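Each chain is listed here by its residues.
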Amino acid sequence: MPFESKSEAGYTIISIDETRLDASISESFRVYLFDQIENGSSNMMVIDLSLVRFMDSSGLGALVATLKKMGGEGSLKLAAAQPAVLDLFNLTSMDKLFTILPTVTEAIEEK
Amino acid sequence: MPFESKSEAGYTIISIDETRLDASISESFRVYLFDQIENGSSNMMVIDLSLVRFMDSSGLGALVATLKKMGGEGSLKLAAAQPAVLDLFNLTSMDKLFTILPTVTEAIEEK
Amino acid sequence: MTDEKSQTVRLEIDSELANTTLVAMAVRGLCAMTTLSPVEVNRVELCVVEIVNNAIEHAYSSEKGHKVEVSVNLLKSYLTLTISDWGKPMDEGQLGDKNFPVDADDPAAWLCSGRGLPIVQSLMDKVEYQSVDDKNSFTMSKQIRWSSSDLI
Amino acid sequence: MTDEKSQTVRLEIDSELANTTLVAMAVRGLCAMTTLSPVEVNRVELCVVEIVNNAIEHAYSSEKGHKVEVSVNLLKSYLTLTISDWGKPMDEGQLGDKNFPVDADDPAAWLCSGRGLPIVQSLMDKVEYQSVDDKNSFTMSKQIRWSSSDLI
Ligand SMILES: Nc1ncnc2c1ncn2[C@@H]1O[C@H](COP(=O)(O)OP(=O)(O)O)[C@@H](O)[C@H]1O
Ligand SMILES: Nc1ncnc2c1ncn2[C@@H]1O[C@H](COP(=O)(O)OP(=O)(O)O)[C@@H](O)[C@H]1O
Chain A
2 MPFESKSEAG
12 YTIISIDETR
22 LDASISESFR
32 VYLFDQIENG
42 SSNMMVIDLS
52 LVRFMDSSGL
62 GALVATLKKM
72 GGEGSLKLAA
82 AQPAVLDLFN
92 LTSMDKLFTI
102 LPTVTEAIEE
112 K
Chain B
2 MPFESKSEAG
12 YTIISIDETR
22 LDASISESFR
32 VYLFDQIENG
42 SSNMMVIDLS
52 LVRFMDSSGL
62 GALVATLKKM
72 GGEGSLKLAA
82 AQPAVLDLFN
92 LTSMDKLFTI
102 LPTVTEAIEE
112 K
Chain C
28 MTDEKSQTVR
38 LEIDSELANT
48 TLVAMAVRGL
58 CAMTTLSPVE
68 VNRVELCVVE
78 IVNNAIEHAY
88 SSEKGHKVEV
98 SVNLLKSYLT
108 LTISDWGKPM
118 DEGQLGDKNF
128 PVDADDPAAW
138 LCSGRGLPIV
148 QSLMDKVEYQ
158 SVDDKNSFTM
168 SKQIRWSSSD
178 LI
Chain D
28 MTDEKSQTVR
38 LEIDSELANT
48 TLVAMAVRGL
58 CAMTTLSPVE
68 VNRVELCVVE
78 IVNNAIEHAY
88 SSEKGHKVEV
98 SVNLLKSYLT
108 LTISDWGKPM
118 DEGQLGDKNF
128 PVDADDPAAW
138 LCSGRGLPIV
148 QSLMDKVEYQ
158 SVDDKNSFTM
168 SKQIRWSSSD
178 LI
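Heads up: the protein sequence lines correspond to chains A, B, C and D, in order.
Take 2 as the starting number for the first sequence in the numbering used here and just add one per residue.
Take 2 as the starting number for the second sequence in the numbering used here and just add one per residue.
Take 28 as the starting number for the third sequence in the numbering used here and just add one per residue.
Take 28 as the starting number for the fourth sequence in the numbering used here and just add one per residue.
Bear in mind the hints are in silico, worked out from the structure with no lab data behind them.
In this text the structure is predicted, and so the values were computed from the model without any measurement.
Treat the hints loosely; a few may be bogus.
[Said to hold, decoys possible] Each computed DSS-like pair below joins lysine-lysine, with the alpha-carbon atoms no more than 25 Å apart:
1) K94/D / K94/C
2) K69/B / K125/D
3) K103/D / K153/D
With the hints as constraints, model all of the structure from the sequences given.
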């Protein structure tokens with residue numbers, strides 16, 4: 002499984018050990034995130050995107066689905082998005098729904 | 002024509018305005034070089050390879066043919082070869098036949 | 028790319044989502060022959076991935092064993108990609124919308140899918156869809172802007 | 028490339044020397060999915076260019092309008108390229124020599140051609156040629172070396 006989570010300062014930090022978050026793994030990524038909400042210790046999440054060079058609309062869809070499922074409870078922040086990923090968020094206006102911070106540390110510290 | 006020549010310090014400097022010296026242009030390159038020998042003002046030549054990122058065996062063949070045609074008269078030096086081009090010369094032992102200098106200036110100055 | 032001659036290469040993969048990366052990386056390599064900037068190359072990659080995935084997921088219902096073809100055509104001023112499948116044709120009504128409306132205060136309306144075609148229509152200069160006989164082809168073109176130094 | 032599964036993409040060009048670059052650049056892009064170093068990627072590019080050009084020049088006598096196919100297969104530990112043509116088969120005796128003898132003092136013996144196959148045989152880990160029915164296929168493989176950190 003290319004997804005991992007650890008706890009830090011009250012947050013669950015989820016990292017993706019893949020350079021591509023695309024349709025071949027988006028559904029298992031969504032399931033992983035849903036599991037975190039249902040069984041995880043915390044609904045305060047930071048997703049570390051630092052290794053992800055490429056994301057497509059299905060990766061974006063998994064993130065939106067997770068945000069919807071949280072239903073306004075807790076927090077889902079994104080960290081360390083690379084240029085192509087940022088470009089995708091801006092293009093699709095998803096930067097309006099997601100808080101994207103340059104580093105995981107800044108994501109944790111951000112209020 | 003992607004080949005150009007100019008005179009400098011008794012040498013004819015020939016430059017290649019292509020990133021690839023491959024089979025699609027090697028024969029016209031050979032003809033250009035033979036023309037230089039037959040009609041050129043000087044048989045002291047420096048070939049500026051600085052733009053050439055890729056060379057195949059046919060490019061190498063054009064250079065060997067030119068060196069053979071010169072029959073020990075004059076001089077044919079190569080300048081500014083990029084890593085893949087140097088690698089090709091080393092691999093095929095053609096570094097034993099050709100003098101390759103880091104810059105055109107050094108090729109002109111080399112005795 | 029020094030003359031107006033057109034150059035074409037056809038790529039072909041089997042209909043598996045994991046194979047889309049192969050097309051993406053090959054197309055990235057081909058983009059290095061153009062004057063596209065790194066940002067534009069990323070966008071071309073995104074578009075080709077969206078349309079190849081659509082062919083696999085929608086035309087072939089995610090079933091392996093079918094052919095997806097990507098024809099890449101390079102002209103002096105255009106890069107054209109044609110993605111073809113031999114599966115279920117797309118309803119052309121899908122092409123048209125290229126907006127991304129989003130209301131941060133209305134989570135119920137947030138879309139979890141359906142962004143592929145709008146992305147491609149936003150990023151490409153020209154988009155076309157055609158079914159001829161059994162073959163469905165999605166064609167998209169991007170202008171290759173020349174820097175002034177190339178206009179000599 | 029995280030499992031032992033094999034991934035394949037087929038590239039196809041028309042038999043024109045100017046088209047070889049398309050294959051070269053696409054293969055370079057695909058090599059970015061491997062652990063090959065920049066020097067090794069350059070060498071793979073050189074090998075694929077030599078064999079594609081041979082197919083065009085020798086199998087098709089430099090005649091346009093014929094198909095050259097390059098199948099790229101990625102395994103965890105091998106990159107395999109198969110170049111196929113449907114033209115004149117190669118005499119297998121051509122494969123064997125991979126030396127580059129050169130006597131600086133004997134210009135008459137300097138070769139102006141014939142280095143393509145020796146280059147490929149020197150740089151690739153495995154080389155094979157097969158003619159089945161009308162299809163001639165030159166297969167070459169390169170081991171993808173894994174850094175120790177990948178061996179976890
Ligand atoms: N190649 C295709 N063949 C058939 N239907 C398609 C094809 N591509 C897209 N569609 C249809 O268009 C819809 C919108 O596609 P798209 O915007 O890429 O979003 P998504 O793939 O996330 O649903 C798809 O849900 C599908 O119904
Ligand atoms: N695909 C092929 N089909 C037929 N003959 C071939 C093919 N490839 C190579 N050959 C033969 O092998 C010879 C050596 O090839 P190579 O080492 O690449 O050198 P070159 O292409 O410079 O002659 C060629 O001259 C040709 O006679």
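Okay, the hints, checked on the actual structure:
1. K94/D / K94/C: 18 Å, holds
2. K69/B / K125/D: 23 Å, holds
3. K103/D / K153/D: 16 Å, holds
When the structure is compared with the earlier hints, no violation turns up for any of them.
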